[in-house]
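**Q** Once you've looked at the hints, dock chain B against the given chain A.
Taken in order, these protein sequences are the chains called A and B. Numbering follows my numbering, in which position 143 of the first sequence is assigned residue number 471; successive positions increment by one, without gaps. Numbering follows my numbering, in which position 22 of the second sequence is assigned residue number 26; successive positions increment by one, without gaps.
The reader is advised that the hints may include incorrect statements.
Chain A side only, calculated, beta carbon under 7 Å to chain B, not exhaustive [what the hints assert, rightly or not]:
1. 345
2. 353
3. 418
4. 425
5. 450
6. 451
7. 460
8. 485
9. 506
10. 510
Listed below are the simulated SDA-like cross-link pairs for lysine to any residue, each with C-alpha atoms no more than 25 Å apart in a straight line [unchecked claim]:
11. B:313 to A:485
12. B:313 to A:501
13. B:313 to B:206
The set of hints was computed from the structure by calculation and includes no laboratory data. Just so you know, even glycine gets a beta-carbon here, dropped at the ideal spot from N, CA and C.
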Amino acid sequence: MSAVHRASAGLKLGVAAALIFGLAALPAERAWWGLCALPPLLALALLARIPIEALLSRWALGAPFLLAAASLGYFQPHGLRVGLALLAKSAVCLLTLQLLIATTPVTELTRTLCRLHLPLVLCETIALLARYSDLLSDEARRMRRARTGRTLRGSRFQEWLALGNSLGLLFVRTVSRAERVQSAMRSRGGA
Amino acid sequence: MHIPDGFLSARVAIGYAALSSVGLGAACFRMRAQHERGASALLGVSAAFVFAAQMVNFPVAAGTSGHLVGSALAGALLGLPGALVVMSAVIIMQCFVLADGGVFALGANVFNMGLVGCVVGFCCYRLLCGAAPSPTRRVASVAFAGWCATIAGALSCAGQLSLSGAARLSVVLPAMLGVHALIGVGEAVISSLVVASVLRFRPELLENAGHGALGARSRNTAVFAGLGLSIAIAGLLAPIADVAPDGFSRVTQALGLHASASPLLAPLSQYGIPSLVSGVLATVIAGCLGTLSLFGLCWLLALALVPRKLRAAESRAVVAESSG
Numbered sequence: 329m330s331a332v333h334r335a336s337a338g339l340k341l342g343v344a345a346a347l348i349f350g351l352a353a354l355p356a357e358r359a360w361w362g363l364c365a366l367p368p369l370l371a372l373a374l375l376a377r378i379p380i381e382a383l384l385s386r387w388a389l390g391a392p393f394l395l396a397a398a399s400l401g402y403f404q405p406h407g408l409r410v411g412l413a414l415l416a417k418s419a420v421c422l423l424t425l426q427l428l429i430a431t432t433p434v435t436e437l438t439r440t441l442c443r444l445h446l447p448l449v450l451c452e453t454i455a456l457l458a459r460y461s462d463l464l465s466d467e468a469r470r471m472r473r474a475r476t477g478r479t480l481r482g483s484r485f486q487e488w489l490a491l492g493n494s495l496g497l498l499f500v501r502t503v504s505r506a507e508r509v510q511s512a513m514r515s516r517g518g519a
Numbered sequence: 005m006h007i008p009d010g011f012l013s014a015r016v017a018i019g020y021a022a023l024s025s026v027g028l029g030a031a032c033f034r035m036r037a038q039h040e041r042g043a044s045a046l047l048g049v050s051a052a053f054v055f056a057a058q059m060v061n062f063p064v065a066a067g068t069s070g071h072l073v074g075s076a077l078a079g080a081l082l083g084l085p086g087a088l089v090v091m092s093a094v095i096i097m098q099c100f101v102l103a104d105g106g107v108f109a110l111g112a113n114v115f116n117m118g119l120v121g122c123v124v125g126f127c128c129y130r131l132l133c134g135a136a137p138s139p140t141r142r143v144a145s146v147a148f149a150g151w152c153a154t155i156a157g158a159l160s161c162a163g164q165l166s167l168s169g170a171a172r173l174s175v176v177l178p179a180m181l182g183v184h185a186l187i188g189v190g191e192a193v194i195s196s197l198v199v200a201s202v203l204r205f206r207p208e209l210l211e212n213a214g215h216g217a218l219g220a221r222s223r224n225t226a227v228f229a230g231l232g233l234s235i236a237i238a239g240l241l242a243p244i245a246d247v248a249p250d251g252f253s254r255v256t257q258a259l260g261l262h263a264s265a266s267p268l269l270a271p272l273s274q275y276g277i278p279s280l281v282s283g284v285l286a287t288v289i290a291g292c293l294g295t296l297s298l299f300g301l302c303w304l305l306a307l308a309l310v311p312r313k314l315r316a317a318e319s320r321a322v323v324a325e326s327s328g
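Chain A extracted, bound-state conformation (with noise of 0.2 Å):
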């Protein structure tokens, strides 16, 4: 655990939110500007013993998005200029989200989301939802691989409409589930 790790989860979002909002407010002329928050980012990286490898492979999942965006930004007076400027500002706010992200657990993010006095509802969704996407998500992955060990071949059509199946299947089992969570919920004195 690094110091950047045993920062506060409030302080850590808020200095990326400052951060990125600055980087966003700048105009497109000076948005090389934005360049220079790299170094201390990447000092930041170093601080955490982030390896660099994995932390340059989770920006380029995002990449591809910020590339579509800026290209369509090439069709316009200074087109390339505007665009390349565009991509440098939002690669250094992608860079910035990861790192937080990468040196925060998503329960200390939510707790923290949640103390930003959002509607208790969506304070309540965010947080089971916290809980239960990697559940859920797990669930999705053993119901395919079970498929796909039970189906040897099949067309394009029967795969899409076995995959439908199986969501569907997996909303009632959520629905079955969010009334097991509603009942220990009522038990132990909660709404």
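**A** Here is chain B on its own, set in the frame of chain A:
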């Protein structure tokens, strides 16, 4: 459709964040009563379901794959306010866990995929379904609603990008609409597959969707239609105000406003509109024809998906009801 950070200008991001927090706040307020009665777990676990469903890849041609977005599906399964809360939670979570879409653009993303997607999807679904729909009609409606929600979200996303000066509207609008007309077909097919299988396993889940919040009474459809229409107009007006930049800036200068005036309030000056009419008319006619043929395809899809047994049972029930 997730907009990354850095592409939206400050006033666009803040304006859309305000719009979506108003919509989300209203949805949370509507859900509060139901929440206190003891349905809090359903929203959270359903959000986890949407999150998981978005990770399931459907293979398309040549190694590419697509996945569900789910705003129309959530609208059909949970009702409008519930779907709004669920989709917003999913988008917020994706931003902070997967870095899908930016923090600064969060308001705009919630607006496009949450507010616009759910309102348009839910209104289309309800309008097409009517009061007591047959299974076939339900599946066809959800398919068409999925397509409409995708297109509406893409429209509003294109408007935001061009308002921010990240791209020109004449480039971004056809690009987004073209791509999302295809993505929407995938969304339509997946949504209808899911609803068809829920209908087979537990049909009562669809009967109950949205009761207690915004009911299924048919006199409410006018309200939904108005709501959907106003959102659509808000989304459409922004790009049009941008297409006529001269007129727009002239009006704002005349009023002594800076360019930061809200685009939604921009009056449609006569400047530049006449030259647009013929091109816009042709596009509108083509769009209408395309949409109509897509609706026909949705109906055929529903006929293929709903098993004959269910359809026969439905018609027998109708006959029994009318005779008895």
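**Q** Hint by hint, say whether it matches the structure.
**A** Taking the hints in turn, this is what the structure says about them:
Because the beta carbon of residue 345 of chain A sits about 6 Å from the nearest beta carbon in chain B, less than 7 Å, this interface hint is met. For residue 353 of chain A, the interface hint holds, the least distance from its beta-carbon to any beta-carbon of chain B being 5 Å, beneath 7 Å. Evaluation of the residue 418 of chain A hint against chain B yields a held restraint, the C-beta minimum of about 3 Å falling below 7 Å. The interface hint given for residue 425 of chain A holds, since its Cβ lies 5 Å from the closest Cβ of chain B, which is under the 7 Å cut-off.
The closest approach between the C-beta of residue 450 of chain A and any C-beta of chain B is roughly 6 Å, which is under the 7 Å cut-off, so the hint is satisfied. Nearest Cβ of chain B to the Cβ of residue 451 of chain A: about 9 Å, over the 7 Å cut. The hint is violated. Satisfaction of the interface hint for residue 460 of chain A is found here, the shortest Cβ-Cβ separation to chain B being roughly 4 Å, below the 7 Å cut-off. At about 10 Å, the closest approach between the beta carbon of residue 485 of chain A and any beta carbon in chain B exceeds 7 Å, and the interface hint on this residue is violated.
Because the beta carbon of residue 506 of chain A sits about 4 Å from the nearest beta carbon in chain B, less than 7 Å, this interface hint is met. Taking 7 Å as the C-beta contact cut-off toward chain B, the hint placing residue 510 of chain A at the interface holds, the least distance being around 4 Å. Restraint check: the Cα-Cα separation between residue 313 of chain B and residue 485 of chain A comes to about 21 Å, which is no more than 25 Å; the hinted pair holds. Under the criterion of a C-alpha separation no larger than 25 Å, the hint pairing residue 313 of chain B with residue 501 of chain A is consistent with the structure, at around 24 Å.
Restraint check for residue 313 of chain B and residue 206 of chain B: satisfied, since their Cα atoms lie roughly 15 Å apart, inside the 25 Å limit.
Of the hints listed earlier, those the structure fails to meet are numbers 6 and 8, in rising order.
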